[in-house]
Amino acid sequence: MRVINTDIVEQAVYRAALKAGVNLTDSCRRALKSAYEKEGEGAAKFALGELIENSRIAAEKTMPVCQDTGIAVVLLEIGNEIFFEGTPLPEAVNAGVRKAYADGYFRKSVCDPITRVNTADNTPAAIHTEIVRGDKLKLTFMPKGFGSENMSALYMLKPAQGVKGITDAIVETVKKAGSRPCPPVYVGVGIGGTFDGCAYLAKRALTRDIGTHNEREDIAEIEREALRRINELDIGCQGFHGKVTALGVSCEWAPTHIAGLPVAVNIQCHCVRCVKEVL
Amino acid sequence: MTELTLPLTKQQAEQLRAGDSVLISGTILTARDCAHKRIFEYLDKGIPLPLEIEGAVIYYAGPCPAKPGTASGSCGPTTSARMDSFAPRLLDLGLSAIIGKGEMSKEVGKALIRNRSVYFAAIGGAGALYGNCIKSSSCIAFEDLLSEGVYRLEVKRFPAVVAMDCHGGNIYG
Chain V
34 MRVINTDIVE
44 QAVYRAALKA
54 GVNLTDSCRR
64 ALKSAYEKEG
74 EGAAKFALGE
84 LIENSRIAAE
94 KTMPVCQDTG
104 IAVVLLEIGN
114 EIFFEGTPLP
124 EAVNAGVRKA
134 YADGYFRKSV
144 CDPITRVNTA
154 DNTPAAIHTE
164 IVRGDKLKLT
174 FMPKGFGSEN
184 MSALYMLKPA
194 QGVKGITDAI
204 VETVKKAGSR
214 PCPPVYVGVG
224 IGGTFDGCAY
234 LAKRALTRDI
244 GTHNEREDIA
254 EIEREALRRI
264 NELDIGCQGF
274 HGKVTALGVS
284 CEWAPTHIAG
294 LPVAVNIQCH
304 CVRCVKEVL
Chain F
15 MTELTLPLTK
25 QQAEQLRAGD
35 SVLISGTILT
45 ARDCAHKRIF
55 EYLDKGIPLP
65 LEIEGAVIYY
75 AGPCPAKPGT
85 ASGSCGPTTS
95 ARMDSFAPRL
105 LDLGLSAIIG
115 KGEMSKEVGK
125 ALIRNRSVYF
135 AAIGGAGALY
145 GNCIKSSSCI
155 AFEDLLSEGV
165 YRLEVKRFPA
175 VVAMDCHGGN
185 IYG
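So the protein sequences, as listed, match chains V and F. Per the numbering used here, the very first residue in the first sequence carries number 34; after that it's consecutive. Per the numbering used here, the very first residue in the second sequence carries number 15; after that it's consecutive.
This is chain F alone, in the form it adopts within the complex:
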């Protein structure tokens, strides 16, 4: 089990191989279907984004509301394949890693290789376990999208498996 502290450097990314189990600590941003659609509208229109893509890790997730006195509600990954058409452009803009669940397209695989980035699979359905790894959470953009907004999460020892690495390795292959 490899412990990873974000931000993820290119050198760290190169060490990772599909199938490796990791525990991730640091800052990640959530974004799913609607947030991606809006990020792309901003990019296409040249509107400044309310979040930094360079060096960021995007987690395909939409959390449950947090109960009073807790940092986050349940927050497992959603199906990554729905973000296949968005991921390559964001990786080219400097995204250091993606976290989601399930297979992604060949185009995403190529973008991971050319940018030396990584796709981590979190364990789908483990919402409570991931909610527990989140130490703080705040909505930083698109609050009107409710759970589909962009949340900045501080995570500690967040379990994941390297699904697609920057050498072309793919756990689903």
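Only chain V is shown next, with the shape it has when bound in the complex:
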């Protein structure tokens, strides 16, 4: 048994949120640089150059890299030997978010879905918890912007549609999104599970570094094939046409029902922000 006071969690969320808001992930920086080098002269290359400059300014001036500092998505992998004391865990997470979004001068983008009245402190966070073996707490903080979230989709495919159906669904989602989600995008895909679980897998896939592949070779092949086809769509950075429409495709999977093949496609813009910490 390991006792963790949730004040520690609040502080970790606070640190992670402040860092995530102003920094792209290292893998995202590398991917943007590589995209810039690949792209021919024109508006897309111009835009990629400005995005690289933007990430430099953001880090240097501690300014949000994008003004959409997102809904705070918080993934907690909780070791089964941990006992939390203090404020209930979700309240501690929200307290960390509230303080970071105020102190970081981040935009508060969370509102009531019907009245549209802003909660004014960017809470509540979208909190996902998983219980794992051990006594460690792994925190992943990902601010999720909605220009790209809006372009995400979930498909309940027929089992007979198989790998081709999965790949088609991924490519079709990116094609339909066009210039709107701030391409070049990062595509998180959930394969299998249930309707709700599949969407979560897609979100979790986005917490992986760009360029990494699923350890299952058949799934990794879907990632490569989908990326290849997406980059033939000629949408390009910002929709200005070009060779790089996506920076990467990451798939996560789970067993599903004999009657179904859920596929969730979660679109992330080129502003990939994700901070991980193990407590």
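Simulated from the structure, these hints should not be mistaken for laboratory data. These figures come from a predicted structure and were not determined experimentally. One or more hints might be untrue.
What the hints assert, rightly or not - Calculated lysine-lysine pairs in the DSS-like style (CA-CA distance at most 25 Å, straight line): (1) K149(F) / K141(V); (2) K81(F) / K141(V); (3) K141(V) / K51(F); (4) K309(V) / K171(V); (5) K208(V) / K276(V); (6) K132(V) / K309(V); (7) K209(V) / K197(V); (8) K94(V) / K51(F); (9) K81(F) / K132(V).
Using the hints, position chain F against chain V.
Chain F alone, transformed into the frame defined by chain V:
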């Protein structure tokens, strides 16, 4: 790279072609989803607007709060397509240009042609870069909407690309 100083005249607008890179300097107004909804409520009810549409440039954006001692927080564009249903009427009321990101509808394209106006695409996600181009910022309407209020921004050398011009040209086409 074309340097543009606002206000944008019809003659200047006619010179611009989809795909041109520009640097914009002058006064622009932010408005996004909630501000548009409210502007339309005012228009429909005949209530005088707290902002001038004639000759204005509307930037689809909702900035981060400014840190003390700075003119603006990060302030990149938001997705223009959500404003597709609002833009034609405002263009007909004399809006000289729109700045946003991503494709807009055919109806917006037609309104740009009949009003000799321009849709500029700012670079989505470049919030810090645009925040840096803003030399002053003040909320002039709908302050209760927080970042969704209308802000008057003075911008200097704000980079953008002509996305849809007044001759029917469209970079997304």
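Outcome of the hint check:
For the given pair, K149(F) sits about 22 Å from K141(V) by alpha-carbon distance, which is consistent with the 25 Å threshold. Among the hinted pairs, K81(F) with K141(V) is consistent with the structure: their alpha-carbon atoms are about 14 Å apart, no more than 25 Å. With a C-alpha separation of about 19 Å, the suggested pairing of K141(V) with K51(F) holds against the 25 Å cut-off. A threshold of 25 Å between alpha carbons decides the hint, and for K309(V) with K171(V) the separation of about 7 Å falls inside it, so the pair holds.
Using a Cα cut-off of 25 Å, the hinted pair K208(V) and K276(V) holds, with the two alpha carbons roughly 14 Å apart. For the hint linking K132(V) to K309(V), the alpha-carbon distance of about 18 Å falls within 25 Å, and the restraint holds. Between K209(V) and K197(V) the CA atoms are separated by roughly 18 Å; this keeps the pair inside 25 Å, and the hint holds. Taking the CA atoms of K94(V) and K51(F), the gap is about 34 Å. The hint is violated against a cut of 25 Å.
A threshold of 25 Å between alpha carbons decides the hint, and for K81(F) with K132(V) the separation of about 15 Å falls inside it, so the pair holds.
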